[in-house]
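Q: One-letter residues, chain by chain:
Number of protein chains: 6
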Amino acid sequence: MTVPSTPITRRPEARAANSLRPLAITRGYAPYAEGSALIQLGGTHVLCTASVLDKVPGFMKGQGRGWVTAEYGMLPRATHTRGDREAARGKQSGRTQEIQRLVGRSLRAVFDLEALGERTLQIDCDVIQADGGTRCASITGAWVAAADAVDWLIARGDLSASPLRDHVAAVSVGLVQGQPLLDLDYPEDSGCDADVNVVMTGSGHLVEVQGTAEGLAFSRAELDHLLDLAQAGIGQLVEGQKACRAG
Amino acid sequence: MTVPSTPITRRPEARAANSLRPLAITRGYAPYAEGSALIQLGGTHVLCTASVLDKVPGFMKGQGRGWVTAEYGMLPRATHTRGDREAARGKQSGRTQEIQRLVGRSLRAVFDLEALGERTLQIDCDVIQADGGTRCASITGAWVAAADAVDWLIARGDLSASPLRDHVAAVSVGLVQGQPLLDLDYPEDSGCDADVNVVMTGSGHLVEVQGTAEGLAFSRAELDHLLDLAQAGIGQLVEGQKACRAG
Amino acid sequence: MTVPSTPITRRPEARAANSLRPLAITRGYAPYAEGSALIQLGGTHVLCTASVLDKVPGFMKGQGRGWVTAEYGMLPRATHTRGDREAARGKQSGRTQEIQRLVGRSLRAVFDLEALGERTLQIDCDVIQADGGTRCASITGAWVAAADAVDWLIARGDLSASPLRDHVAAVSVGLVQGQPLLDLDYPEDSGCDADVNVVMTGSGHLVEVQGTAEGLAFSRAELDHLLDLAQAGIGQLVEGQKACRAG
Amino acid sequence: MTVPSTPITRRPEARAANSLRPLAITRGYAPYAEGSALIQLGGTHVLCTASVLDKVPGFMKGQGRGWVTAEYGMLPRATHTRGDREAARGKQSGRTQEIQRLVGRSLRAVFDLEALGERTLQIDCDVIQADGGTRCASITGAWVAAADAVDWLIARGDLSASPLRDHVAAVSVGLVQGQPLLDLDYPEDSGCDADVNVVMTGSGHLVEVQGTAEGLAFSRAELDHLLDLAQAGIGQLVEGQKACRAG
Amino acid sequence: MTVPSTPITRRPEARAANSLRPLAITRGYAPYAEGSALIQLGGTHVLCTASVLDKVPGFMKGQGRGWVTAEYGMLPRATHTRGDREAARGKQSGRTQEIQRLVGRSLRAVFDLEALGERTLQIDCDVIQADGGTRCASITGAWVAAADAVDWLIARGDLSASPLRDHVAAVSVGLVQGQPLLDLDYPEDSGCDADVNVVMTGSGHLVEVQGTAEGLAFSRAELDHLLDLAQAGIGQLVEGQKACRAG
Amino acid sequence: MTVPSTPITRRPEARAANSLRPLAITRGYAPYAEGSALIQLGGTHVLCTASVLDKVPGFMKGQGRGWVTAEYGMLPRATHTRGDREAARGKQSGRTQEIQRLVGRSLRAVFDLEALGERTLQIDCDVIQADGGTRCASITGAWVAAADAVDWLIARGDLSASPLRDHVAAVSVGLVQGQPLLDLDYPEDSGCDADVNVVMTGSGHLVEVQGTAEGLAFSRAELDHLLDLAQAGIGQLVEGQKACRAG
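Note that the protein sequences, when read in sequence, are chains A, B, C, D, E and F. Just so we're aligned, residue 1 is where the first sequence starts under our numbering, counting upward by one. Just so we're aligned, residue 1 is where the second sequence starts under our numbering, counting upward by one. Just so we're aligned, residue 1 is where the third sequence starts under our numbering, counting upward by one. Just so we're aligned, residue 1 is where the fourth sequence starts under our numbering, counting upward by one. Just so we're aligned, residue 1 is where the fifth sequence starts under our numbering, counting upward by one. Just so we're aligned, residue 1 is where the sixth sequence starts under our numbering, counting upward by one.
Hints in this document: simulated from the structure, not taken from any laboratory. A couple of the hints might just be wrong.
[Unchecked claim] Straight-line distance between alpha carbons at most 27 Å, and here's what the computed DSSO-like set of lysine-lysine pairs gives:
#1 D:Lys91 - E:Lys242
#2 C:Lys55 - E:Lys55
#3 B:Lys91 - F:Lys61
#4 D:Lys55 - C:Lys91
#5 B:Lys61 - A:Lys91
#6 B:Lys91 - E:Lys55
#7 F:Lys55 - B:Lys61
#8 F:Lys61 - E:Lys91
#9 A:Lys91 - F:Lys242
Let the sequences and hints guide you as you build the complete structure.
A: Okay, structure coming up:
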């Protein structure tokens, strides 16, 4: 797999086309939650918490299986201009619902729900500061929060083994003026021709691929190139997850 | 591009893995709309209408550009068991919003919004009968409705040339027990390991790729195989669009 | 009972003042529903389904009696100009609620709820195309869907005898420029001085009479005349129900 | 017109089948409103106000015509057992919407909207105490409030002549154990076989007839009998309106 | 405690700075409620009802304790200009919610919830006419309704002793052009620099103090002065409660 | 003013009855906002932002005056057990609305709205971590964010002088087992007999006093004692505001 490594002069701070923004994950940022992590990927900061609830949705009751679900929000002034507060407007936008469904599916893909037992792992991803890629950062951070909540369950003796089968992380890639770039920031994302959000497991399998042509449609070859870039980036994000969990 | 052509005995009516379900597109099904089409793909029937509105959303006013947007709905008893009526429940589900945003983006990808002029093409996709693949059928049918509405605008002298740059169509593909299948029906979709909704232009460029692992994550090779299947299927759907418009 | 039979030249296709529009009822139009019918009365097309649900509303639980209820909707582009989608707006209009309550009451009037047993017959009436008289067509079509759902229950052995006591059908009548007309289409309805929606049983008893002066109030004599017209029309609609059920 | 005048021993306080409950209309009950009336019909008390608003709904702007519209509500403990507060529940029931649409239509039937000028007469009917027949009492009381608001407009010089063409009043009639009764109270209404709400002008023309079979469908002869009863009752209500306005 | 008794010429009807408006409390105004009172304080009229419900909120079930809660509403034309109907708008304003929470807390402060037993006393305060001070009048009137509902429970034998520990009443005080005034009417309230709503028990203890600077912030000395005024006023309101209950 | 300074052994970390929790204010925490501050008061952390919007609410247009308003939210897992996400539930609770109205009023009390010019200062207070006193911390932090936004307006030349007339800050005080305590944490707040939220200007004038008896009503002497405690605490909070703005 070869991806262009020449730094593009246009990226801020001389970032290479195939480089992630600086990554920092702070475990335990929300002290009351069973698991939590503040993930900072450049100017994008998301607080992810995992809450253990002793119940499952109605349609799953009595089956002995657990559930993992997610909600997503953005502080009104996480962005360059203030956005409406969804609670005040009285409903979540289509975008918000799309993202929280994606986060939930992504986490469930690496959970053995039978092994989790009849309880819910409720993920909350709240964007404190937004500079592009908030849905991907949410997934990457949520995995850390979830893993810590699993540890908490094991430490209490509620679980004897982990229901987590693998890591899961996500990154966005896109074509900006025809050039494939890894981990788009907000200005890059706004101006790109196509972007793809890729969710992968630690072992390199795909969980979600969401590619969208913002302007011009893209070719199979371009998609392949972007997926290569994403795979390399996700490898680094998974390393980041491992490092912070080891720390 | 080689895709397996051996018929799988499990598919209803001996359909091959790389075969679409029977396709029928009826133009002008909704006589009051500026453009309309009933698309039937096997047991999935969607009524698509395109309405010309002499206004654009507030954020676009005065720019001389047009807009294309879509709404999606499903009759409560389009499905095997009755679903809630969203109007009665007082809100659209996350799934509905996700689909209608996808349909809108897909159509916009082939429209020259400048050439459309300051008006809105409002697409409505209403599922009369649902047997899997309703979002893809909606896109394929909506293109026909939109093309007819464009003809109506040209016939009235409101437009001198078509703002439509290409066809756009969509199909779902998935891995069922490890085997790649084209155009999943509802039982196949419910039981698949991974499914990918692919939206492509008539010239074979990708507009959207939405791949989701329902159970196990999938490999790059599997994704490639599925995209090959989808591309061939979309070619046939575009032929169907052309045939019905020629008819 | 004498009603004017001279054709009025103003009605489309030389329809007489006391003539219904052409009627067609297609049973089983929604194959997944326990009962269904597409009713077409001229340019008004309504898809009616009857779903059997194994529950009753909370206030009826444990009484051994059943319930019949209805919901109504209209596709956004069923009409000459596009109407708002109620699901997107987040609530049903007063008109929609009024109609669905009327359809439910009308059907209940011919059902023996004790004999139905503790289950709900959920009627859905969705207007595919609207040219006036949609609430009346909904009632007439819903009866066929309900009768087929009852047959389904009997065929399964869930019921030994039919809880349906009679036919029920409905028609609108109105005064247009002083002249009583049967089965108003949309232009007639928009321009009439008074219209009356009449719901009757097969044996000619009144279930609902909803008369409204749109412009000028009307006299008792005019009401009598309109009720005569309606009664004759409903007789023909009941014949249509019988014919399609016999077919 | 002959209606039974023999007192039925079952009616409270020996009321005859063709007798109204005691009627009292208090003008000016809401001192801040341009017009207002508290109508008391036996145990049913409704406060009706008419507010003059210097605007019309968007669809009527610039046409020089006015509008008359109504809203209806019931205090939670107007009834024998407490009902939900609609404002707390976040929506008006179907019943409430049906009633307020009826009140608005009934008032508009006696208004010359051109003569009213480009302003809105906003009627509010709030049930303080409910013992059956609240929608009919609302119409009868609203007419008095509206007439007083018209006087206020004339007194200010905003109107030179009254846009009110006639009186309008309403009453319910019903079949209770086969016997036609005028002006049903709540127990009678709950137990009746059929009830008809009749809205009539002062000159005896029909504005609305809303007949509903609660149990058994009713015959044309029964409807005729009920309409006779209603007409006599409405005559007395109109006398009450005149008397209180003269007072 | 010395408060200025010199009449201020500006107050309507030569009311003194430390005088309440004329007070009248009519018990049993809502005959169907277990307890009710119409409180009239000058031009402010509030109908308060207390309904006994045989249930408690979910979070209190099975604890053997009761609950007291309140809802508040205002008729659209209780005020000088018509306000929106909250039921029609689909939600209660922040102001309404604030008031009903205050009324509930105030009543609970004088109730022994254990002694009430596992039932709810549901208070409804509906403003029929508003001339300032509606939240305070609601509390004062609600106490009378609640006390009567308690008597009803005792008379039925459902309670052997009263769970009411004390009276509770409320009044507003404010600084108008620097002068402390008791029981502000609407024009005074609109123009005041600061106003304080004070809720006190019959024994003179504070239940709630809600002071707000509308314009300029106020000093501790001014607050003290206002609380003195309020205490005297509440003493008179409690006398009014006692008098009407004795009557 | 003398307040008890003996440390109470029960308070965590040997905090004295008249001591605030450790205070830290971080300016510029939200880099995209015109002004922002993260305020940490012990375990309570609130992110406050001030956004400058070039518009005012409809009712203020064209008057040349500005507006200051606030919204408040709490992350679902800011608390010991997870709370519902208000955006997902579709409405803000009464408590949330009460708080955001209080924050808005408190800030407006120190703003010269004429001098602000026709623009809105939109305050957002989002609780990242909650251990009692979030509404008071919101006010204290919001002042810093607002002051920085004012500086931003002055630096841009949009304002020549500051419309801020004074500091404003807030603290909660309460009676816990009869003892007056300053700055309650969550366990103290849950168990207190009475608590008072006090909002004061830098010059020691009262802006808001919201005292509530949770259990037993409190005496005037107790209120006085609590207000003394609050005044001293607010003095320290204002010092904190000054220190961080000087830093």
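Q: Hints first: check each against the structure and report whether it holds.
A: Status of the hints after comparison with the structure:
The straight-line distance between the Cα atoms of D:Lys91 and E:Lys242 is roughly 39 Å, outside the 27 Å bound, and the hint therefore fails. Pair hint C:Lys55 plus E:Lys55 holds up; C-alpha atoms about 25 Å apart against a cutoff of 27 Å. A distance of roughly 33 Å separates the Cα atoms of B:Lys91 and F:Lys61; the hinted pair therefore is violated under the 27 Å criterion. At most 27 Å may separate the alpha-carbon atoms for a hinted pair to count; D:Lys55 and C:Lys91 meet this at roughly 25 Å.
The straight-line distance between the Cα atoms of B:Lys61 and A:Lys91 is roughly 25 Å, inside the 27 Å bound, and the hint therefore holds. At most 27 Å may separate the alpha-carbon atoms for a hinted pair to count; B:Lys91 and E:Lys55 exceed this at roughly 30 Å. For a cut-off of 27 Å, the pair hint linking F:Lys55 to B:Lys61 stands: about 19 Å separates their Cα positions. Under the criterion of a C-alpha separation no larger than 27 Å, the hint pairing F:Lys61 with E:Lys91 is consistent with the structure, at around 25 Å.
The suggested pairing of A:Lys91 with F:Lys242 is violated, with an alpha-carbon distance near 39 Å, which exceeds 27 Å.
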